[in-house]
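Visitor: Each chain is listed here by its residues.
Protein chains: 2
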Amino acid sequence: MSRPRFNSLIESLPALVPFVGPEAQERGRGQPFRARLGANESLFGPSPKALAAMRAAADGNWMYADPESHELRAALAEFHGVGLDNVVIGEGIDGLLGLAVKLAVELGSPVVTSDGTYPTFNFHVAGGGGRLVRVPYRDDKQDLGALVEATRSEEARILYVCNPDNPMGSFWGAAELNDLIAQLPDGVLLCLDEAYCDTARQADLLPVDVGNAQVLRFRTFSKAYGLAGARIGYCLGEAKVIRAFEKIRNHYGINRVGQIGALAALEDQEFLAEAVARIARARELIGAIARDNGLQPLSSAANFVTIDCGGDGDFAKRVLDALIAQDVFVRMPGVAPLNRCIRVSCGRDEDLAVLADTLPLALAAAR
Amino acid sequence: MSRPRFNSLIESLPALVPFVGPEAQERGRGQPFRARLGANESLFGPSPKALAAMRAAADGNWMYADPESHELRAALAEFHGVGLDNVVIGEGIDGLLGLAVKLAVELGSPVVTSDGTYPTFNFHVAGGGGRLVRVPYRDDKQDLGALVEATRSEEARILYVCNPDNPMGSFWGAAELNDLIAQLPDGVLLCLDEAYCDTARQADLLPVDVGNAQVLRFRTFSKAYGLAGARIGYCLGEAKVIRAFEKIRNHYGINRVGQIGALAALEDQEFLAEAVARIARARELIGAIARDNGLQPLSSAANFVTIDCGGDGDFAKRVLDALIAQDVFVRMPGVAPLNRCIRVSCGRDEDLAVLADTLPLALAAAR
Numbered sequence: 001m002s003r004p005r006f007n008s009l010i011e012s013l014p015a016l017v018p019f020v021g022p023e024a025q026e027r028g029r030g031q032p033f034r035a036r037l038g039a040n041e042s043l044f045g046p047s048p049k050a051l052a053a054m055r056a057a058a059d060g061n062w063m064y065a066d067p068e069s070h071e072l073r074a075a076l077a078e079f080h081g082v083g084l085d086n087v088v089i090g091e092g093i094d095g096l097l098g099l100a101v102k103l104a105v106e107l108g109s110p111v112v113t114s115d116g117t118y119p120t121f122n123f124h125v126a127g128g129g130g131r132l133v134r135v136p137y138r139d140d141k142q143d144l145g146a147l148v149e150a151t152r153s154e155e156a157r158i159l160y161v162c163n164p165d166n167p168m169g170s171f172w173g174a175a176e177l178n179d180l181i182a183q184l185p186d187g188v189l190l191c192l193d194e195a196y197c198d199t200a201r202q203a204d205l206l207p208v209d210v211g212n213a214q215v216l217r218f219r220t221f222s223k224a225y226g227l228a229g230a231r232i233g234y235c236l237g238e239a240k241v242i243r244a245f246e247k248i249r250n251h252y253g254i255n256r257v258g259q260i261g262a263l264a265a266l267e268d269q270e271f272l273a274e275a276v277a278r279i280a281r282a283r284e285l286i287g288a289i290a291r292d293n294g295l296q297p298l299s300s301a302a303n304f305v306t307i308d309c310g311g312d313g314d315f316a317k318r319v320l321d322a323l324i325a326q327d328v329f330v331r332m333p334g335v336a337p338l339n340r341c342i343r344v345s346c347g348r349d350e351d352l353a354v355l356a357d358t359l360p361l362a363l364a365a366a367r
Numbered sequence: 368m369s370r371p372r373f374n375s376l377i378e379s380l381p382a383l384v385p386f387v388g389p390e391a392q393e394r395g396r397g398q399p400f401r402a403r404l405g406a407n408e409s410l411f412g413p414s415p416k417a418l419a420a421m422r423a424a425a426d427g428n429w430m431y432a433d434p435e436s437h438e439l440r441a442a443l444a445e446f447h448g449v450g451l452d453n454v455v456i457g458e459g460i461d462g463l464l465g466l467a468v469k470l471a472v473e474l475g476s477p478v479v480t481s482d483g484t485y486p487t488f489n490f491h492v493a494g495g496g497g498r499l500v501r502v503p504y505r506d507d508k509q510d511l512g513a514l515v516e517a518t519r520s521e522e523a524r525i526l527y528v529c530n531p532d533n534p535m536g537s538f539w540g541a542a543e544l545n546d547l548i549a550q551l552p553d554g555v556l557l558c559l560d561e562a563y564c565d566t567a568r569q570a571d572l573l574p575v576d577v578g579n580a581q582v583l584r585f586r587t588f589s590k591a592y593g594l595a596g597a598r599i600g601y602c603l604g605e606a607k608v609i610r611a612f613e614k615i616r617n618h619y620g621i622n623r624v625g626q627i628g629a630l631a632a633l634e635d636q637e638f639l640a641e642a643v644a645r646i647a648r649a650r651e652l653i654g655a656i657a658r659d660n661g662l663q664p665l666s667s668a669a670n671f672v673t674i675d676c677g678g679d680g681d682f683a684k685r686v687l688d689a690l691i692a693q694d695v696f697v698r699m700p701g702v703a704p705l706n707r708c709i710r711v712s713c714g715r716d717e718d719l720a721v722l723a724d725t726l727p728l729a730l731a732a733a734r
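Line by line, the protein sequences are chains R and V.
Take the first sequence: its letter number 332 is residue 332 in our numbering, and every next letter is one higher.
Take the second sequence: its letter number 209 is residue 576 in our numbering, and every next letter is one higher.
This is chain R alone, in the form it adopts within the complex (with noise of 0.2 Å):
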């Protein structure tokens, strides 16, 4: 009896969880949360379609599901006007990413992203033996001048770009981004993580654009449509470049229920449009309470507002923790200067009760 012999970059990384879940730090304080706000998820639920179709749905879990996942996908290339070789199905957009990263990287193969943004994606670059870059952010903002500087002068096999951004709720319309698209170095493949684009405004979101092999879009499930426990996410692009992750996807990864539950709620856009009014309505509420008390909401197209508690990553680590110990999940960004600020998930009026109760007794507390 020995120990095994791991791959000598598996040695070498931590043992790092992206993100602690709320359900950790509920057994770790013995109390639930009051507020569910730190996780993005959508508190307006998903489609009754949707809840019923996952209910029925249940019955068949006895069998796999379909690994080509046609009946979703052919809904989505027909919703996103693509053809069904555009679209390739995982578990969640992280999933996917991890996925693109193993389809580009190689050890010591350099990958541009910003400084702040979505630290999941790093864990997969970290995983496939990539060279993280990190761009600073410019006035909260993804700053696409400098990573596309970045990309060229680095010679990047991947540039990452989140739109709308987490943690910081900013973005890019169609005129930037397609600036962007046109000083893309050739062989840099621009993933650009859409999670949050559902509720952007739609006017100014950038088209799909399945000609350019050069970019993957990332969606998910998770955010507007409510369904994060269904693990469905999903990504556009070229068709050969989508043709390659049929290479190293896990075919069978896909639950049957999750599927469904897509299908249905992805069927029903007039849910969609009510939520996303709904998750308008609570950006405004929490813009509210934070101006209430005192500091200041930025800017958001997504699903949350990331909120500038004033003061220095100290200060906002004690005005998070204090929301924690008054039993509101909320979370904040990772890296100076965004760690400036918390950042609260839209809730319904109950859950944002809670907040508008508890952050005035966080801020004291924290001060």
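Any given hint could turn out to be false.
Distance ranges between label pairs, derived from CB positions [unchecked claim]:
# : chain 1 : residue 1 : chain 2 : residue 2 : range
1 : V       : Gln-398   : R       : Ala-52    : 25 to 35 Å
2 : R       : Gly-145   : V       : Arg-519   : 54 to 64 Å
3 : V       : Leu-451   : R       : Glu-267   : 35 to 45 Å
4 : V       : Arg-610   : R       : Lys-49    : 40 to 50 Å
5 : R       : Arg-243   : V       : Gly-397   : 18 to 28 Å
6 : V       : Glu-717   : R       : Gly-187   : 55 to 65 Å
7 : R       : Asp-59    : V       : Ala-732   : 31 to 41 Å
8 : V       : Arg-610   : R       : Pro-337   : 30 to 40 Å
9 : R       : Leu-84    : V       : Asp-688   : 40 to 50 Å
Worth flagging that the hints you see were computed from the coordinates, not collected in a lab.
C-beta: ideal position from N, C-alpha, C; glycine also.
Model the placement of chain V on the given structure of chain R, informed by the hints.
Guide: The following block gives chain V in isolation, referenced to the frame of chain R:
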């Protein structure tokens, strides 16, 4: 605009799909199957308690599942008499096998398996850049002596053993496997795929020993538990090895409804015992149908029976195609000499009645 630059391993891989699903076959045929006996799902379904739990869980699907799968892991740890840190959950055994390959394999690493056993493992080895060393079967069983010999001579990083074996149904008990484990060369990881262990003689099953860091046990809710669509597999092993999965797994990849269903299924061991009894009876029935048609069923410890069609691979393929033409979904081994057989999953009486009706016609057509 250019093509993205993929890593050289990816460029070298075929866009191979391990298993075409029955749904794709149905789309191709323009007609549904009458009997779904090809994917080793459980036609006896999951526990009614699991069904009820999944239906109820749909309402909570707006939330991500606990990324630590704490409740399910705790229940599995208790069930197996191991610690919480000896259990990791994955998107089916397939997902976990992919991670195990990523842990232990680097470009060119030798990996030993049996020639003709579960091909999805081979798919993951190819995707991880490993070099597969295939050891022939001996008398339709995985040849443990030759496997350990190849592992030693090739200095393999992983030895894969499927037990009970897919596609042959054969089974090695604790005595033989303990011999194998005692002979494992230092540093190699034994991946013991026990997807079908619930239907084997439990008294002969290798006891779980999480003290040995070289052995990983892969289990699933997809087979006897009847939850293939839920995509919940798990892996038992020594704590430091299990912890290494945290470095690379998709922490939020496990769907909520599936987790909750699996927990309820685990808690209903009475139903599992009934399902196992029905599977055992179906094995007898399939064997009788084979013999009625002059064919030889192989002894099976799994939830399927592999039937020797008495000819070569071409003949068995004709039988398979003729069954499919008769709307019976079955599969067959892909490698000679195993491919003289077809593989039939255990089903209900009505499913096997379809088999009994169609097998004589299929044999006549094949001849």
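Visitor: Does each hint hold? Answer for all of them.
Guide: Hint by hint, here is what the structure shows:
1. Look at Gln-398 of chain V against Ala-52 of chain R: about 28 Å separates their beta carbons, and that is inside 25 to 35 Å.
2. A hinted range of 54 to 64 Å holds for the C-beta pair Gly-145 of chain R and Arg-519 of chain V, which are about 57 Å apart.
3. Between Leu-451 of chain V and Glu-267 of chain R the beta carbon distance is about 40 Å. The supplied range of 35 to 45 Å therefore holds.
4. Between Arg-610 of chain V and Lys-49 of chain R the beta carbons are some 41 Å apart, a value that agrees with the proposed interval 40 to 50 Å.
5. Between Arg-243 of chain R and Gly-397 of chain V the beta carbon distance is about 25 Å. The supplied range of 18 to 28 Å therefore holds.
6. Hint check: Glu-717 of chain V to Gly-187 of chain R, Cβ distance near 56 Å, so the stated range 55 to 65 Å holds.
7. For the pair Asp-59 of chain R and Ala-732 of chain V, the beta carbons lie near 34 Å from each other, so the given range of 31 to 41 Å is met.
8. Distance hint check: the CB atoms of Arg-610 of chain V and Pro-337 of chain R are about 34 Å apart, consistent with the given range 30 to 40 Å.
9. Evaluation of the 40 to 50 Å hint for Leu-84 of chain R and Asp-688 of chain V yields a failure: the beta carbon distance comes to about 26 Å.
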